[in-house]
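Chain S is already provided as a structure; the job is to place chain A on it using the hints.
Chains as they are written, first to last, in my numbering: chain S, 1 to 148; chain A, 1 to 148.
Treat the hints with care, as some may be off.
Treat identical chains as interchangeable: a pair holds within one or across any two.
Keeping only pairs whose Cα atoms sit at most 27 Å apart, straight-line, the calculated DSS-like set for lysine-lysine is [unchecked claim]:
hint : residue 1 : residue 2
1    : K132      : K142
2    : K132      : K40
3    : K40       : K142
4    : K132      : K146
5    : K82       : K132
6    : K146      : K82
7    : K142      : K82
8    : K146      : K40
9    : K40       : K82
FYI, nobody ran anything at the bench for these hints, they're computed from the structure.
Number of protein chains: 2
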Amino acid sequence: MSCGMSDDLTREQIYDVPAGYQPLPWHRGFGRQVGPLFEKRDENGLTRAFRVGEHHTNGMMNAHGGMVMTFADMAWGAAVEKDEDTWWVTIRLVCDFLSGARHGSWVEGRGEVLSVIDNIYTVEGRIWSGDKTLMTGTGIFKIIEKRV
Amino acid sequence: MSCGMSDDLTREQIYDVPAGYQPLPWHRGFGRQVGPLFEKRDENGLTRAFRVGEHHTNGMMNAHGGMVMTFADMAWGAAVEKDEDTWWVTIRLVCDFLSGARHGSWVEGRGEVLSVIDNIYTVEGRIWSGDKTLMTGTGIFKIIEKRV
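Chain S with its partners taken away, still in its complex shape (with noise of 0.2 Å):
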């Protein structure tokens, strides 16, 4: 019996989660609804991924700009956590659209902080897939106390 490792491999046979990814353990509210998400950490930092499902696309069938904004906070927003138990709340994003990821296109996304004054993070990021840059932009976040 091995009821994890099966199900793990179906869900990485599903979504072909390049090597290095693991899945986000959201698994409930919006976080949820928007995934699966993946995420690796090495040199070049916390990156953060998803597969594009019919579930994420517009008319057009690519990502929909509200899921690759929400991709962009949840990507660059990263950049700040400290640890898994660091809060942040978004004070101000700014997306520019540059093309579209078509369903089925593996999309990646990464955030580098600019400055850092009192809790108050600038964070310039990116979003692609392959070679191609799908969005740029500038989050502002805040680090919070935790409420539990």
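Below, chain A alone, put in the same frame as chain S:
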């Protein structure tokens, strides 16, 4: 037999939809995934709305920032629609997060076209719940040829 009417009553009871709002018939893709959304047309123009459900929430049980931006794209972008056959893409969205919307809140949004140059529309937008402004921002949208 009145199954249709019975379904409508059930839907309105579940989502507690204010008078004048009709559900948007988005039955596929990301529009369905983040729905249901509603809209009304009156002397103020086109207003869109949604009730914050569990599937819209972040870890603080507020509407997730990604959902609010997704809704901004849908509510502000609607200001450029002449009819249901108008297709548009988002070029840039600037979102300022002012306050959160609790689980169960009725959230409304509307955009106003500030300028049109060729097919590029600049829209000033607002999202609110009751008398609380949740987000202000600017959207740059472009009308495109409908692709079949």
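Same-copy or cross-copy closeness of K132 to K40 [CA-CA at most 27 Å]: Answer is within; shortest intra-copy Cα gap is 20 Å, inter-copy 38 Å.
Status of K146 relative to K132 across identical chains (alpha carbons, at most 27 Å): For K132 and K146, only the inter-copy Cα distance (24 Å) is at most 27 Å; the intra-copy one is 37 Å.
Up to 27 Å CA-CA - K82 versus K146, copy category: within (13 Å within a copy, 45 Å between copies)
Intra- versus inter-subunit Cα pairing at 27 Å for K146 with K40: within (24 Å within a copy, 38 Å between copies)
27 Å Cα threshold - placement of K142 relative to K40: within (23 Å within a copy, 35 Å between copies)
Homo-oligomer pair classification [K132, K82; C-alpha up to 27 Å]: Intra 29 Å, inter 32 Å, cutoff 27 Å: neither.
Copy assignment of K142 with K82, given that the CA separation must stay at most 27 Å: Only inside one copy: K142 and K82 sit 13 Å apart there, 39 Å across copies, limit 27 Å.
Identical-chain pair category, K132 with K142, by Cα at 27 Å: between (30 Å within a copy, 21 Å between copies)
K40 and K82: within-copy, between-copy, both or neither at 27 Å Cα: Answer is within; shortest intra-copy Cα gap is 15 Å, inter-copy 44 Å.
Hint 5 alone, counting from the list given before, is not met by this structure.
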